[in-house]
Amino acid sequence: MNALSIIQLIVSSSLIYAAPLILTALGGTFSERSGVVNIGLEGIMVMGAFMSAVFNIQFAATFGGWTPWMGLLAGGLIGVLFSIIHAVATINLRADHIISGTVINLAAPALGVFLTRAIFGAAQTGPLPESFGRTSIFLLDRIPIIGPIFFENTSGPAYFGIVVAILSWFILFKTRFGLRLRSVGEHPHAAETLGIKVYLMKYSGVLISGLLGGMGGAIQAQAISNEFGILTIAGQGFIAMAAMIFGKWNPLGVMGAAIFFGFAQSLARIGTYIPIIQNIPTIWLLVMPYLLTIIVLVGVIGKSEAPARLGQTYIKTK
Amino acid sequence: MIRQSKGLLNSLLVPVMSILFGFLFGAVLMLAFGYNPVEAYRAMIVSVFQSPYFIGEALRQATALTFTGLGFALAFQAGFFNIGIAGQALAGWVSAVWVALAFPDLPRILLLTLSLGVGLLVGAIWASIAGFLRAYFGTSEVIVSIMLNYTALQVTNFLIRNVLSEAGNTTARVGENANMGFQWLSTLTQNSRLNVGFFIAIIVVILYWVFMTKTTAGFEIRAVGLNASASKYAGMSAEKNIILSMFLSGALAGLGGAVHGLGTFGNIFTQGGLPDIGFNGIAVALLGLGNPFGIFFSSILFGVLNIGAGFMPNQAGVPDEMANIVIAAIIFFVGANYIIRYFIDKRAAKKQTASSTSQGGDV
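Which chain is which? The protein sequence lines are A and B, in order.
If you use numbering that gives the first Met the number 0, the first sequence corresponds to residues 0 to 317, in order.
If you use numbering that gives the first Met the number 0, the second sequence corresponds to residues 0 to 362, in order.
These are calculated hints, taken from the structure and not from any lab test.
Since the model is a prediction, treat every value here as computed from it, not as a measurement.
Among the clues, some could well be false.
In silico DSS-like cross-links for lysine-lysine, where the CA-CA straight-line distance does not exceed 27 angstroms [as the list claims (entries may be wrong)]:
#1 Lys173(A) x Lys196(A)
#2 Lys345(B) x Lys315(A)
#3 Lys247(A) x Lys196(A)
#4 Lys349(B) x Lys315(A)
#5 Lys247(A) x Lys173(A)
#6 Lys213(B) x Lys239(B)
Among the chain B residues that face chain A by a calculated CB cut under 10 angstroms, a handful are [what the hints assert, rightly or not]:
#7 Leu28
#8 Phe278
#9 Ile281
#10 Ala282
#11 Ile326
#12 Ala335
#13 Tyr337
Built from N, CA and C at the ideal position, the CB exists for glycine as well.
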């Protein structure tokens, strides 16, 4: 393999594996910025993956090549519905955020497989008729050298994720809604005295995390696993959380971290084709994202980086 | 969070109501998909109690859950959410099997003690990493343990493929000297895999209770959990208690994994995900409200649910995932116990005003 094709292989497979992580990690960012810890992202991804797979199979004939993108929406919608559980439990019912998230992670795989059995009579859906496949980004792929590396035969969902990341950064830091959302995560009392509806902001944060987490799951099912089963989502939600922390709760940093983790995940699979990397035992590549997260948490990020009132229940004054 | 209630009856109300609501939720879901919930629950629960074999299997499952549940509860009482129970249990499992395979010729009592001891220790050390980082760097124990969970999963699978077998997906079975079975116990339960681990679990439940309520170390752990600043002013070392509680928590999880591994399987095989006994252990601890005896009984309930689930597809046509949905629903209501307490308090308040007005009438 020549250098160009190796680089192209690395970039495209990194992006493919990064795509679900980017969206889910951005979802986590919205939730945590509003002060709600959402370790239920893993479960939300499971539901998104399930829904998109069902949608894909049911509507492939109707939507043809657009099916995966419509499936992405379907996954996002079910993610919103599912995240309402977390919102109600943590915001209104004052449940511990971690317990509620754990409940979601316990419930989602069971519910997903239960429904799959109820619909298909088996624990897996079987291969999906229309997957994302590889796309070339219109016009950009004609740029010499850069074009073939970044924009030819690459992952459409990853570029969708990058666009969402830029949009999220704008929303969080340049709009009134974003300022309010962040203020609720930092100091809900002060926010409330200024007339901001704290519960509404927290609901927005959690529901957006549901939307993006569900979409992340839908990408995992339709672009990587190409089916839904109990093993479709195996830890991606937690890696997305790691990316969120790694990126210091800033959408652009989060996106970068997610792409890096996608790179790390893809290395474990394509590493054998790449010089130098092929000499590193696979186990190191597999555990690298996790160990790096711990190191970053300990060394680079102080406690002050997280939203100040993260994980604390806020009780509205009357 | 889970608050200590006044009366025993009052504190039993939340778990009992949660169990009821959990089953109710499952029933509604089954009705929505055209299944018969009565038949499903009958298949799940009655079938287990009809045969000594399945009672034995349910108790065997409860054994592992008791250990992981106690492990989670211990850290929880100190104010830490040890979500790494599953990884610690897996670390205990693989190391116990490893020791058992490495020294097949040791006498049985020695080999079992050594295997279980190493499993316990490895689980404890694995959890202590999160405790240490929390104590000295203020790093969230939740995130670190999640990362350690997946590290444990990958390393375990790597060890099974590359060290403990020749590129296979499963290790050899441990020898007769690492067998935890008891002849009379398996005869009694028609060859179920119920083993000596069940009695170890009962002993550990009692030890846990003694440790937490009768010793200084246990008192300190509870004090730190109730009010970290107050216990610091009282001269207790926060760092020491954080690391100690995570160490003990991981020790219980590791022992649980070791007992589960040697007692149930006698080997280890590559895992697609983290072992269920971890997250179900968390569920058991939350339902048992941190009380060791409560955890023991919750474990038996979940053991019956886990084993009974296997009957649902054949006898009622309901997918066996239903059991896990019910478990998740139960824990939802335990976690959101505010809603249950709200109604209890409201009723109590009503009663009080009713009785005081009647008293007023007398005067």
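Now the hints, each set against the structure:
1. Lys173(A) x Lys196(A): 19 angstroms, holds
2. Lys345(B) x Lys315(A): 19 angstroms, holds
3. Lys247(A) x Lys196(A): Measuring from Cα to Cα gives roughly 25 angstroms; hence the hint holds.
4. Lys349(B) x Lys315(A): OK: Lys349(B) and Lys315(A) at ~24 angstroms, within 27 angstroms.
5. Lys247(A) x Lys173(A): 18 angstroms, holds
6. Lys213(B) x Lys239(B): 19 angstroms, holds
7. Leu28: Holds: closest Cβ of chain A sits about 8 angstroms from Leu28(B), inside 10 angstroms.
8. Phe278: Constraint on Phe278(B) satisfied, holds at 6 angstroms.
9. Ile281: 6 angstroms, holds
10. Ala282: Result: holds, 7 angstroms to nearest chain A Cβ.
11. Ile326: 7 angstroms, holds
12. Ala335: 4 angstroms, holds
13. Tyr337: 5 angstroms, holds
The earlier numbered hints are all upheld by this structure, with none contradicted.
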